[in-house]
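So you can see what is in the structure, the chains are spelled out below.
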Amino acid sequence: GAGVSQTPSNKVTEKGKYVELRCDPISGHTALYWYRQSLGQGPEFLIYFQGTGAADDSGLPNDRFFAVRPEGSVSTLKIQRTERGDSAVYLCASSLAGTGHNEQFFGPGTRLTVL
Amino acid sequence: KQEVTQIPAALSVPEGENLVLNCSFTDSAIYNLQWFRQDPGKGLTSLLLIQSSQREQTSGRLNASLDKSSGRSTLYIAASQPGDSATYLCAVTGANNLFFGTGTRLTVIP
Chain V
1 GAGVSQTPSN
11 KVTEKGKYVE
21 LRCDPISGHT
31 ALYWYRQSLG
41 QGPEFLIYFQ
51 GTGAADDSGL
61 PNDRFFAVRP
71 EGSVSTLKIQ
81 RTERGDSAVY
91 LCASSLAGTG
101 HNEQFFGPGT
111 RLTVL
Chain E
1001 KQEVTQIPAA
1011 LSVPEGENLV
1021 LNCSFTDSAI
1031 YNLQWFRQDP
1041 GKGLTSLLLI
1051 QSSQREQTSG
1061 RLNASLDKSS
1071 GRSTLYIAAS
1081 QPGDSATYLC
1091 AVTGANNLFF
1101 GTGTRLTVIP
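Just so you know, the sequences run in chain order V and E. Here our numbering is used: position 57 in the first sequence is 57, and no number is missing along the way. Counting the second sequence from 1 gives a position; our numbering is that position plus 1000.
The shape of chain V in the complex, shown without the other chains:
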């Protein structure tokens, strides 16, 4: 595709529910990143995939958060037992390779609201 796409664009859920957020990276990009942006803040790193494997998940806040990328393309961020503090914009980015020299391209984000 032309760019990184994310679905849904908005998600409203109730506290305690489970949600899945999807990211389609740019075709051919082997590296994929998830970030979370709270209101008035810059994005914060959650997890980085190189191919199918999570190369760095040090940014995941707790074990309620999990992400997969089973075929090395589309990725899903999964949040269990959602809390109001999880409300934020979740951004996905991809790059050609996972070295720090490569530019990251961002999707439009998914705005998650936990009531």
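To be clear, the hints were calculated from the coordinates, so they are not data collected in a lab. Watch out, some of these pointers could steer you wrong.
[Said to hold, decoys possible] Pairwise CB distance ranges (calculated): (1) V:K78 / E:G1094: 23 to 29 Å; (2) V:G72 / E:N1018: 42 to 48 Å; (3) E:L1011 / V:F66: 36 to 42 Å; (4) V:A55 / E:L1011: 35 to 41 Å.
On a predicted model such as this, the values are computed, not experimentally measured, just so you know. Quick reminder that beta carbons are idealized off the backbone N, C-alpha and C, glycines included.
Given the coordinates of chain V, assemble chain E onto it according to the supplied hints.
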């Protein structure tokens, strides 16, 4: 841990003015530095990427400089236009991810 700071947090200028946005970072061991633009409710648009070995990059009315040893970068916008109104984010690249500042919210007044 890398800390990225952007000053000022907000800036209002009349149309046509030149302006400078500032970014500083605490750890000079970076791969590159990116400047992004974010419109309200939207994702990030990459404006300029400066590799760690470079000193500056230019794109149209935008010029970004990098002084890695002092941990500073500036984004210069020439002849500002109302369409430049947005939040500008600076980010530095570590081994696996970007570290972002909190942004400068720019308003260009017609």
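Verification of the supplied hints:
1. V:K78 / E:G1094: 23 to 29 Å: holds (25 Å)
2. V:G72 / E:N1018: 42 to 48 Å: About 45 Å separates the Cβ atoms of V:G72 and E:N1018, which means 42 to 48 Å holds.
3. E:L1011 / V:F66: 36 to 42 Å: holds (40 Å)
4. V:A55 / E:L1011: 35 to 41 Å: holds (37 Å)
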